[in-house]
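Student: The chain contents come next:
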Amino acid sequence: MIDHSLSIPPAAALVFHLKQGFWLYAWPMIIGFVTILGYQALGRVVMMGAAKWPVVFAMASVVSMISLFGWVTMVRFIGMIPLYGCGVGLASAIMSRIYAVTMPLHPKLKMRVIRVIWRGDTEGIQKLQQALRARV
Amino acid sequence: MKLGLFLLLVSLTLDAQGLVPRPAPDLRIVEASGKATTLSTFRGRVVLLAFISTQCAHCQRASMVFQQLSHEFAGNLQVAEVAFDEGADTPAFTKRFGLSFPIGVSNTDLTHDFLGIAHGERLGTPQVVVIDRSGMIRAQSERLGSPILQTYDYLRELLKATIKLQVAR
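Chains as they are written, first to last, in this note's numbering: chain F, 6 to 141; chain C, 14 to 182.
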């Protein structure tokens, strides 16, 4: 309760409410989204079988650390449950549209980079299938 | 419909707490050393008073904010705290967080009386109160706590406005 006769700049309250809104509502959604995105991307990279074990180890460590960091910094109250669920749902929906995640060697950078092959990318899917067949 | 309105009014009445602005009741702040100060001795300065529990993490964080503000508004602002948790070790609390303002000890009933809240009602801590130079309460936390009154940026603006309010009169 604040006396309304006090002339407090509205920006002060606005900044507070924006920050509060972010931590209470947006942050749980971001954490849910990033957690699922990270684990699913990791799972798909592992399933492709092309990545070396140190890469898998590093990716798994980073993804789990990000998700745990998110949980630690999350304001835990009952209202965050549906928001966290929304983030998880959104990430799952996006991942369902992804055919595969590969880590090809970048010709110029000479390092492995993450490449996403979407379900609509027929050319990319065919190339991937050919590469897999050739490996077998 | 009528029953709903009636129940709403009853719930609002039950949740009633002292409104602002209102005159601050006098309060005796007795520190652990036995030194006693009354709130009325701070008249002429804006007072930032907080009722805390020394074990509560929000109170600990807010106390550090209050310390920073007490330096920033030195001469115009008096910060004081009253710990109302059982067995509060205020000297240890003061030392741990490097606080230089008086911290008294009290009990829950006195805290409820000062805040204008019925005895037995659950309180969120810290309960922050801003009193102007003439002894009027200008801001007070909601019964279950107001995070906005624990943040440095907002409190600074609120205190500036309270200090200015007196200069204008």
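Any given hint might turn out to be false.
What the hints assert, rightly or not - Dumping the calculated DSSO-like pairs for lysine-lysine here, alpha-carbon to alpha-carbon at most 30 Å: (1) 24(F) x 177(C); (2) 115(F) x 24(F); (3) 115(F) x 57(F); (4) 24(F) x 173(C); (5) 108(C) x 173(C); (6) 48(C) x 108(C).
Derived from the structure by calculation, the hints contain no laboratory data.
Student: It remains to establish, for every hint, whether it holds in the given structure.
Tutor: Checked hints:
no.	hint	in the structure
1	24(F) x 177(C)	27 Å, holds
2	115(F) x 24(F)	41 Å, violated
3	115(F) x 57(F)	15 Å, holds
4	24(F) x 173(C)	22 Å, holds
5	108(C) x 173(C)	28 Å, holds
6	48(C) x 108(C)	17 Å, holds
Of the numbered hints given earlier, the model fails hint 2 alone.
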